[in-house]
Structure formats: C-alpha cells, structure tokens
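Student: Residue numbers (my numbering), protein chains in the order written: chain A, 243 to 629; chain B, 19 to 594.
I should point out that these hints are in silico values taken from the structure, not numbers from a laboratory. Mixed in with the good hints there might be a few duds.
[Claimed, not checked] Straight-line distance between alpha carbons at most 27 Å, and here's what the computed DSSO-like set of lysine-lysine pairs gives:
(1) 451/A to 575/B
(2) 506/B to 575/B
(3) 496/A to 575/B
[What the hints assert, rightly or not] Now the in silico label distances, taken between C-beta atoms and shown as ranges:
(4) 331/A to 86/B: 23 to 31 Å
(5) 20/B to 453/A: 28 to 36 Å
(6) 123/B to 502/A: 35 to 43 Å
(7) 253/A to 84/B: 42 to 50 Å
(8) 83/B to 331/A: 28 to 36 Å
Beta carbons are placed, not taken as given, at the ideal position from N, Cα and C, and that holds for glycine.
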Amino acid sequence: MITRQLLIGTGLRTADEDEKELSLLAELAPQLVFVFGAAGAFADGRLAAALERQLPKSGIVIGCSGAGHVAQDALQTGGAALTAVRFERDVRLRTSRVGLGSGDQAALSAGRNLVTPLRGEGLKGVLIFCKGTGINGSALLTGVREGVGEGVLIAGALAGDDFSFSRTYTICAGAISDNQAVAVGFYGESVVLGYGATEAGEPFGVVRKVTRAAGNVLFELDGRPAVDVYREFLGDCAGQLPAAGLALPLSVVKDPQGEIGTIRAITGMDAANGSILLAGELAAESLVRFMRTNLEDIALSTRMASFAALEERGESDTGGLALLLGSAGRRYVLDDEIQEEIETARDALGPDLMITGFYGYGELSRARLQNQTLSILYLNERLGAGA
Amino acid sequence: MTEKRLIRQLKRALGTEDPNGELAALRAWLEKSGAQESPTPEQLARWRELVGRLPGLLDVVDRAYAHASRMTVIADRAVKASTREFTESTRNLMLSNHLIKAMLNSLGQAFFVFDRSGLCQPLYSKACEELIETVPAGRPIADVLRLPHHERAHFDGWVGLLFDGAMDFDDLAEIGPRTFPHSKGRYVWLDYRPTYTSEGVLQSVVVIATDKTSEREAERLLQEKQEFAEMILKISTDRNQFYHFVREVRRTVGLLRGFAELGDKVEGARELRRLLHSLKGLAAAFYLRKLKEILHSFESEVAAMVGDPRPDRFAGFGGELERLLDEELFRHRKLLGPGFEKQGMVREVPYRALAGFARELSAAPQGAPLRRKFLEELVAVPLSEALAQFNGVLQQSAVCLNKSVAPIRFEGEDPRILAPVYEDFISSLIHLFRNAVAHGIEDPAERKAASKPAAGIIVVTGSREMRGGQEWLRIEISDDGRGLDPAKIRQKLKERGAPPEVLAESDAEIIRHVFDAGFSTSDQVSELSGRGVGLNVIQEAVTRLRGSLELRATPGKGSCFSFLLPHLWELPESLP
Numbered sequence: 243m244i245t246r247q248l249l250i251g252t253g254l255r256t257a258d259e260d261e262k263e264l265s266l267l268a269e270l271a272p273q274l275v276f277v278f279g280a281a282g283a284f285a286d287g288r289l290a291a292a293l294e295r296q297l298p299k300s301g302i303v304i305g306c307s308g309a310g311h312v313a314q315d316a317l318q319t320g321g322a323a324l325t326a327v328r329f330e331r332d333v334r335l336r337t338s339r340v341g342l343g344s345g346d347q348a349a350l351s352a353g354r355n356l357v358t359p360l361r362g363e364g365l366k367g368v369l370i371f372c373k374g375t376g377i378n379g380s381a382l383l384t385g386v387r388e389g390v391g392e393g394v395l396i397a398g399a400l401a402g403d404d405f406s407f408s409r410t411y412t413i414c415a416g417a418i419s420d421n422q423a424v425a426v427g428f429y430g431e432s433v434v435l436g437y438g439a440t441e442a443g444e445p446f447g448v449v450r451k452v453t454r455a456a457g458n459v460l461f462e463l464d465g466r467p468a469v470d471v472y473r474e475f476l477g478d479c480a481g482q483l484p485a486a487g488l489a490l491p492l493s494v495v496k497d498p499q500g501e502i503g504t505i506r507a508i509t510g511m512d513a514a515n516g517s518i519l520l521a522g523e524l525a526a527e528s529l530v531r532f533m534r535t536n537l538e539d540i541a542l543s544t545r546m547a548s549f550a551a552l553e554e555r556g557e558s559d560t561g562g563l564a565l566l567l568g569s570a571g572r573r574y575v576l577d578d579e580i581q582e583e584i585e586t587a588r589d590a591l592g593p594d595l596m597i598t599g600f601y602g603y604g605e606l607s608r609a610r611l612q613n614q615t616l617s618i619l620y621l622n623e624r625l626g627a628g629a
Numbered sequence: 019m020t021e022k023r024l025i026r027q028l029k030r031a032l033g034t035e036d037p038n039g040e041l042a043a044l045r046a047w048l049e050k051s052g053a054q055e056s057p058t059p060e061q062l063a064r065w066r067e068l069v070g071r072l073p074g075l076l077d078v079v080d081r082a083y084a085h086a087s088r089m090t091v092i093a094d095r096a097v098k099a100s101t102r103e104f105t106e107s108t109r110n111l112m113l114s115n116h117l118i119k120a121m122l123n124s125l126g127q128a129f130f131v132f133d134r135s136g137l138c139q140p141l142y143s144k145a146c147e148e149l150i151e152t153v154p155a156g157r158p159i160a161d162v163l164r165l166p167h168h169e170r171a172h173f174d175g176w177v178g179l180l181f182d183g184a185m186d187f188d189d190l191a192e193i194g195p196r197t198f199p200h201s202k203g204r205y206v207w208l209d210y211r212p213t214y215t216s217e218g219v220l221q222s223v224v225v226i227a228t229d230k231t232s233e234r235e236a237e238r239l240l241q242e243k244q245e246f247a248e249m250i251l252k253i254s255t256d257r258n259q260f261y262h263f264v265r266e267v268r269r270t271v272g273l274l275r276g277f278a279e280l281g282d283k284v285e286g287a288r289e290l291r292r293l294l295h296s297l298k299g300l301a302a303a304f305y306l307r308k309l310k311e312i313l314h315s316f317e318s319e320v321a322a323m324v325g326d327p328r329p330d331r332f333a334g335f336g337g338e339l340e341r342l343l344d345e346e347l348f349r350h351r352k353l354l355g356p357g358f359e360k361q362g363m364v365r366e367v368p369y370r371a372l373a374g375f376a377r378e379l380s381a382a383p384q385g386a387p388l389r390r391k392f393l394e395e396l397v398a399v400p401l402s403e404a405l406a407q408f409n410g411v412l413q414q415s416a417v418c419l420n421k422s423v424a425p426i427r428f429e430g431e432d433p434r435i436l437a438p439v440y441e442d443f444i445s446s447l448i449h450l451f452r453n454a455v456a457h458g459i460e461d462p463a464e465r466k467a468a469s470k471p472a473a474g475i476i477v478v479t480g481s482r483e484m485r486g487g488q489e490w491l492r493i494e495i496s497d498d499g500r501g502l503d504p505a506k507i508r509q510k511l512k513e514r515g516a517p518p519e520v521l522a523e524s525d526a527e528i529i530r531h532v533f534d535a536g537f538s539t540s541d542q543v544s545e546l547s548g549r550g551v552g553l554n555v556i557q558e559a560v561t562r563l564r565g566s567l568e569l570r571a572t573p574g575k576g577s578c579f580s581f582l583l584p585h586l587w588e589l590p591e592s593l594p
C-alpha cells in the first residue's frame, strides 16, 4: 500500500502552488483520498473544485471537517489534509452517501440507507463520516448496524467545526454538504482493518439523575434545566457554551437498560428551552456524573487505543494508514497540547505508518456512539493474499 | 512534559528546536552578562533573527497560558460547585437520617445495623433499649445479641459468609441467631435484612428485633386448645383404655398408701418408679398435662430416693394423685357419662346384632324368659336416658327466646324401654318440648309475677301399668307454664271455619284440637314453632304404636301430655 500526504489551503502556498502539489498527488493514481480539514476550507467551494480538477475520476475522495485535523504528525487547524492511498492488491471500495432529515427516526433510516448499498461479497468494514451537529448519532448507528448486518467492522466519526457547533461538512464523490452522511466500504481478502477506541477521564461530583430527555436532547438534570447546571459549573466560561461544555462530558453511571460507561458530550444547546444537544442518546432516568480529564489520562488512553488498533497488524505488514478519529472534547481540554496525543500515537503506532485524522463530535463503533475517546482505524493490505 | 511542551512551542514559534545550540549559546551569553567571550557576528545575526521571532513565541506561550488559565477556572469552578452540592447533599442526608430515625423510633420494633467489621453502626431505633436492652452503636454485634462465648466463632463465620456474598442472603439469614435472650423473659424474634451498595455489594445488615411474647402466648393457648380437643377425641374413642388408665391410677394410689407401711423399701420404690413411669406415658397419651407433670415429678423424686426411700412421702403422693384424677374425671363427667367407673369396660354392639340374638334365644328351649331378661337388662335403656337428648333442644330454644328452663326432671320408676321400638315417637317429642318452651313457659318476668321460679320446670314421669293382661307404659310430660288457653283455641278454630258442634265442645275437649293437622295458635311463625305441623306428628306416632294420649291443662298452672303406650318387648324386623 502506497500513501502520500499533502496539506493545502494553509496559506503557506498560493492556490496555484496547491494545485501543482495536488497534481503530484494525482500521479500516484490513488483509489482512495481522505480529506480532513477546517470547516472553512469545505465551505469555500475552491477545495471541491481543485479536487475535481486534479484528482482522477476513478478515485474515491471522502472525508469531513473537524475541530482540528491531523497531518504530518501534527495538529492542523487551517486548510485541509489530503492523504492518498493506492492499494497494490485486490482491495475494492464502494461509497455511499445519504442526505439527513430531522428527528431520530430520520437518523435511523439514514443510517440504514447509508450502508445497505454497501452490503455485498467480501465486505469487511465500513467507515462512516456524518455531520456533527443536530444529529442523533446513536439512532444513526442503530440504522447502520441494522443495515450492514453482522460480522462487518464499523468505524467512523461525527464531523466537527472547530467548536462553533454550527456547520459541519462531509465530502464524498465530489459532493460537499453540511447535511449528509457518507460511507466507504472495504472489500476483499487483502484488506486489513484494525480498530481501537479508549476513553479518557474520570467521573467526579455527585450522581445526577436525567429527569427529562428525548433522544439526544437533554432537558433536565435533577429537575433543573440542563443548561443551568452547566452554567453553574462553568461560571465565567459559561459564555463559551456549548464549546466549554466539552470540558464537562457526562459519564453514564447507569441507564435504564443497565448500561454503564457511555460518555456523552455536548454538540449544541438550545438556550430558549434550556436544553443541551448531545452527540448520542441519553435515556431519561439514567444516572450520570460530570467527567474531567487531563493530559496523562489522554496520553494513556491514546496508547491503549493504538495497541488495540494494531492487533490486526501482522508481523510482516509494513506501511499502512492510521486514521485518528479523536474526540473534540480531548482537543478542547488540551488545546494545542493535543500535539502530545498525536506524538504519543506516533510512538505507539511505530514509524512506518501514515497518520491522518481529525477531531470530531462523536466516535462511532459497532458497540456504540461514544465521546471522549480516541478511536483509531488501522488500514492496510496484506501482500501475501489476493495478489 | 513541560520541556517537551517548551520545545514544541519553540518549534512552532521560532521554526527550530535549536538543534545547533544557537539558543543555548544565546542563553549562556545572556546569563553571564558581559562575559569574556564575545559572540561572532554570525551568531549575533542569527540571534537577532531569532529574537525577531520572539513575539510569535510569546503569542504561543500566552495562548497556552490563557488556555491553561481557562481550564483552571473551569476546574476550580467545578470543585466549588461540587463542594456546594456535596454540602447540600450531606445536609439532605442528615435531614433524611433524622427523619428516618424519628420514624424508626416511632415503631415498636428495634432496628440496628452492623457491617462487615461486625460492629453496630450509630443508626438504631429507640426500641433497642427495651427489646435488646442496650444501645448497640459501636458495640460488637455478638455482644449485643448476648451470644455465649462458645458460639462466637461460629457466629463470626456466619457474618463472614453474609458479606462474602457467595451464598443467598435469605438462606443465610435463616440460620443466624433467631431469638434474643431477654432478661425479663420477653420473646424477642430477630430478622435480618440486607442493604446493598449501588454496585450490588452487601454494605450492612439491618437487624429487626420484634417482641413476639404475646404472639407466642397466643400460639401456646391455641396449642392447648388443640390438645384439649385431641384429649376429648382420645378419651371418647379409647374409652376403655381411659378406663384402664383410671383404674391403674386408683391402684397406684392404693399402692402408694400401702407402701407407706411396707417393709422392703428399696424394692418397693423401684416398682413404684416403673409404675409411675408407665402411668406418665398414658397420661401423656390422653393429653392430661397436669397428671403427666405430677407423675413426672413423683417419678423424679422417687428416682432420687432409690437407695434411701422415704415411704413417708408416698401417702402424700397418693393423695395428690387421687385429687388430680378426680379433678380430671369431674372435668370430663359429661363426656364419660354417669357411673363411668362403676360401669367398667364397655362395648358397643349394634341393635341389629342384639335383635338377631334375641330371635335365636326365642327359638331355644326355655328361651322366652331368657330372651325377656336379655332384652330388659342388656338391650333396653332407661326412659330417662332415651329422652335426655332433649335437654339440648330445651336449652337452645330457651336461649333463643330469652327464657329460662331447668333440665328435664325425671320422676317415677324410670322404666326401661327398647329404644328402636319407640324411635318415631321419641323423635316426634321434639315438637312437644319446643312448644313447651315457645308457648308454655313464660318469660322470667312473667313467671316472677306469677310467683313461679325463674326457670321453667318440665317433668317427665314414667311408669308401667298392667291392663287387660297387657303391659303398658305411661309417660307424662308436664310443664309449669301458662297452660293452654281454651278460649284462644276455640277462637282459632272458629277462624279456621270449624263446625258449630266442635266449637261447642268442653274446654277439656277443645284443647285436644292442638293435635289437629295444621293447627297453630301462635300469631307469629317462628323458627321454633307455629307452623301448625308438630303436635299432629306426635299424634300420628302414638296412633302407629296403638297407644293413646291425653292432654290436660290448667290455665296459668301448666299443661300435661299423658301418653299410654303398649310396653313392647319385640324389636322391629327392620332396624336402622
């Protein structure tokens, strides 16, 4: 597997120079190009146009906006990072995208409709990017699980927009939208997919009861408007809500189904009715606690996620790509120091992998929609097979 | 970590991690401030360039500080808010505790709590002071429950198992101490309830002590009642065995009195002990608790005497034993019947068998007198015995009508009769007795006014008569009530459209119409009488026996039914 990475739109080069660099990337004849960037880069039609002009039609371009993206082993905040992949073995890819409606039911059907076209012989895994605000990620995931069936790896993330929680973008097959979910399916015996995700942080303070919630909208904690509780804890920083709420995700101590350990982060708020929008569902009657995290916790969880993702890596495997799908909450708490996480991942993953990724508003796996994790998708091909 | 961060910041702002040591050299030169070694012009140029980029570094550092400060503010704020919430929670908890304590104290049960360490926690109800006679807080549970020392190791093991969680709590609770040895003899029952943490781990055990003294007393009374019923059943079904027991007790009483003067004291004491032991068993079999207890204590005392008998005590035993036996016999005199001890052993024989034997006797030579003797002495019963059953009816009727009536008084020679022969007649008399209470006997106030005893008197007189070479039986049943009122009967007959010749009958004649079918003088139909059936049933039974009846009445003084029936000595062919 051959990979090549390029940063464009960072202002370090002129637009023409960027196009030139892009054409060099195209020379690789990549089947797959991941694009992660700032929301602004997606909103600006020039990125789409440049990709359209320079990249071969046969290749797949997929990605989304984030609250920071990862390229050249560093956190990037401007422009977009392009990572091109050319498989040398028989790895087949197929993409799908769906527009999103409103409501939990629409999210569920969108999830189902997104992956149903990808079902087929040799499907090993699906990678999903979805808009990051105003979406019930749990419902989408339920639909994805139903649509894709058993035995297929599910990985993905909700897009981000540098903590403004307004417009998040996804891109697939030349279409950029702030209201869609996109997916790529990986097929064939040669493809190697590994996945690891570990959350960071520990609950603190009193146990609170979710007294009113619907889907991913949290109305009340202990009978008080959820926003008021957050305001009380954030004090002067309350003005930075909803972003500041990322510093205080909710850890589910126990939900009505007996599930524990789910973490819910803020993806928006409705000041009018005092409700908080969460990345995923939170059932009424759940018991929750605020959570906090620090650099040490984050670094530890990064190592654990890296090792889990590499479990699929064979002894003789070389190269490959690690997709870091990080939580915006971690990025918010560490700010620029999130670089520590990227360096830790590099140390743990080894020197010969290409690393890209972004920080988003929710991490998707087969098990659940989670926040506050770093999830890592390891992508490679096995040279011994399928040649 | 800080160094790594600094290097990252330098790299970001100055575009170098200082691999060539330029920054280090600059720093060294600055720190020595005016050192001997002057920087080279190249160094100075490079330093100037780096310092030119310093504002960028300061921006990066400033940004890092601002972020760190923001995070610190959030963290600080979170700590304050949490602390406030915990304070509030603690206050609420204290309030709840106070309320719970007040509620617990208002209950009659004693509650207290112990944990894994086996120590009682400060939470307990006021009733502990009374029921478990201590304040359990801070004390070992084994002390609180007053467990004897030899049981403590076992108890500690039990506590360990409870908190181990490997076995079902309820099963284990069953085998824990269930009662508390109360110093004033109260029966205190112990229950155990688990309290779990939110993770489902047993946190502590609540002990609930309940005073069940009165419940146990009720249970004891119930058991006594059951035993009494058992005793009645046993005595009535094993009457002969009971008779044997009574005789044995009497014999023992005699022996005890005799032993008082016996010479061979040792052997006598041994035999006596054996006798007492077997009697004790019999007394227990008949649920005669008091007798059993006294026999037991005699037995123990006699056992203690072996080797040194004290016959002087025996007469005392005998007297006590006799007194208790007589008490029991008196208590059960109704059940046992009159002359229980004189009758000796009895045996129930069906009438059918008796009739068959009587027939065989008639066939035997010289059988007739033997047969008559057999029937008279063995089969026949005294008239009083045949009619005694109506005492119950009389009392029952009297109670219903708020009247009082004495038990039937039997007078005369009390002739013996073959009960099956007169069965229909005897059963028909129930109407007579009921009527006597309902219409004859006045209520107590009325009787008092008439200078009669409060309780009505009913007398049955039986006698035998010879008429025309035949044996007759005369039975008179009289009461001392208000008598039949001829005027009222005449009026009633008139209402029923009786012909003039009937209405013209004399008073003595007119009262006989009470035996007419459907006649009743009562204004009200009651459960007891008044339906107009009844007396005519008696008339019919008398007629079937080819007997006759007379009715005499004196208003205000009472009525008398006089029956003349053949005294038959032939059992009917078909017997029930």
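Student: So, for every hint listed, does it hold in this structure?
Tutor: Going through the hints against the structure:
| no. | hint | result |
| --- | --- | --- |
| 1 | 451/A to 575/B | violated, 92 Å |
| 2 | 506/B to 575/B | holds, 16 Å |
| 3 | 496/A to 575/B | violated, 94 Å |
| 4 | 331/A to 86/B: 23 to 31 Å | violated, 48 Å |
| 5 | 20/B to 453/A: 28 to 36 Å | violated, 43 Å |
| 6 | 123/B to 502/A: 35 to 43 Å | holds, 38 Å |
| 7 | 253/A to 84/B: 42 to 50 Å | violated, 23 Å |
| 8 | 83/B to 331/A: 28 to 36 Å | violated, 50 Å |
In summary, the numbered hints that this structure violates are 1, 3, 4, 5, 7 and 8.
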